[in-house]
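Here's the letter readout for the chains.
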Amino acid sequence: MIERWQRFGSLLVRLRFVSANAAAFTKHTIGDQYVDVAPGTEPDYSLTLEDGYGENYDEVTPVGYEKNERGDFRVSRADFLVESTADLREAHIRFYNYFGLRTALLNWYSRILSRLDWGMLIHSSCIVQDGQAYLFSGYSGAGKSTIASMSQPRPILADETTVVEIRKDGRILIHDSPFRNDFKEPYREGPVPLKGIYLIKQSLNIEQHRMTKSDAMFALFDKIVHWRHENADTIGLIRLSKTLVDRVPVYELEFQKNDRFWEAIS
Amino acid sequence: MRLERLQAVEVLKMDGEVIILNQETFAVTKLNGTAGWIWEQLDSGLTQEQLVEKMAAEYEGADTEQIRADLDRFIDQMSGIGLIQRAG
Numbered sequence: 000m001i002e003r004w005q006r007f008g009s010l011l012v013r014l015r016f017v018s019a020n021a022a023a024f025t026k027h028t029i030g031d032q033y034v035d036v037a038p039g040t041e042p043d044y045s046l047t048l049e050d051g052y053g054e055n056y057d058e059v060t061p062v063g064y065e066k067n068e069r070g071d072f073r074v075s076r077a078d079f080l081v082e083s084t085a086d087l088r089e090a091h092i093r094f095y096n097y098f099g100l101r102t103a104l105l106n107w108y109s110r111i112l113s114r115l116d117w118g119m120l121i122h123s124s125c126i127v128q129d130g131q132a133y134l135f136s137g138y139s140g141a142g143k144s145t146i147a148s149m150s151q152p153r154p155i156l157a158d159e160t161t162v163v164e165i166r167k168d169g170r171i172l173i174h175d176s177p178f179r180n181d182f183k184e185p186y187r188e189g190p191v192p193l194k195g196i197y198l199i200k201q202s203l204n205i206e207q208h209r210m211t212k213s214d215a216m217f218a219l220f221d222k223i224v225h226w227r228h229e230n231a232d233t234i235g236l237i238r239l240s241k242t243l244v245d246r247v248p249v250y251e252l253e254f255q256k257n258d259r260f261w262e263a264i265s
Numbered sequence: 000m001r002l003e004r005l006q007a008v009e010v011l012k013m014d015g016e017v018i019i020l021n022q023e024t025f026a027v028t029k030l031n032g033t034a035g036w037i038w039e040q041l042d043s044g045l046t047q048e049q050l051v052e053k054m055a056a057e058y059e060g061a062d063t064e065q066i067r068a069d070l071d072r073f074i075d076q077m078s079g080i081g082l083i084q085r086a087g
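These protein sequences, in sequence, are chains A and B. First residue of the first sequence? That's 0 in numbering that gives the first Met the number 0, and the numbers climb one at a time after it. First residue of the second sequence? That's 0 in numbering that gives the first Met the number 0, and the numbers climb one at a time after it.
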């Protein structure tokens with residue numbers, strides 16, 4: 000068993016890899032920003048990762064969810080299996096391939112964030128300018144990766160899945176995302192306050208329009224990474240979404256395939 | 000007939016709008032200003048006619064017959080969605 004420690008947002012996670020192969024797949028999925036810990040340190044969460052499970056996903060069958068009387072549960076799909084204690088502290092992910100592992104990790108981590116009422120994961124890219132974070136979300140193909148690419152050399156907090164912390168003191172902070180696609184360079188300066196959310200659309204124009212809070216909240220719902228296993232978690236997440244749009248302005252942004260949208264938004 | 004609100008809801012207020020989230024179905028309903036006001040009035044088990052009187056008092060100058068008809072239509076709609084029930 001290979002053991003490594005890694006931070007996910009503000010959480011310290013102990014990873015145990017059943018094989019070198021499992022470690023390699025995991026590194027490819029969430030990087031290898033391992034940290035050293037003092038002997039005797041207790042992790043916030045423990046996760047065991049094991050390859051060699053299942054088969055390709057058919058893209059159709061919904062994810063299965065079962066729990067026992069203690070609340071320990073399993074989330075299953077053809078290409079992954081997540082087994083966890085009720086308190087989420089100990090979990091075991093078995094996976095078939097990169098896609099299975101990535102989905103399992105998102106399911107596991109989003110569940111923890113929701114249970115802690117800490118925040119959420121949003122399908123989006125997130126860029127730093129002048130010490131503030133700007134989040135860009137849209138449907139597949141809308142241009143999240145394009146935005147990241149066009150925005151260089153500005154630092155990139157996320158290019159596909161952004162880690163959003165909703166603090167009780169009112170601040171919304173973005174942490175470096177371990178879930179990277181093309182732009183793998185981690186952001187090491189600590190969490191960044193979120194200045195604005197931009198729902199993007201490629202266009203002939205460059206324009207931004209402020210959205211009403213309710214429109215913004217509805218638009219964000221299908222961009223938040225979440226599985227509706229337990230109603231209480233879903234309701235909690237909806238409340239967090241309301242807090243998010245109460246605190247951060249949300250705009251529709253039309254942009255061309257260049258970096259000139261930065262003049263419009265900052 | 001008393002008007003009863005669905006209990007298993009989350010009420011989200013944002014910028015003068017009221018959003019009702021059904022906690023079982025996760026259906027969301029956005030209420031405009033008047034509808035939001037009506038929702039607030041219904042925490043005390045009013046009859047539809049009592050509500051008409053309250054609205055006539057709140058919306059001075061409005062025609063009571065019009066209020067009665069509009070409210071009836073509104074309660075029908077909210078009833079269809081499952082948020083308000085005509086009970087008893």
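One thing to keep in mind: the hints can contain errors.
To be verified - Below, computed lysine-lysine pairings styled on BS3-like, alpha-carbon distance capped at 25 angstroms:
1) 12/B x 222/A
2) 12/B x 241/A
3) 241/A x 53/B
Source of the hints: derived by calculation from the structure; they are not laboratory data.
Against the structure, test the hints numbered earlier, and report the numbers of the ones violated in rising order. Hint 3 alone not satisfied by this model.
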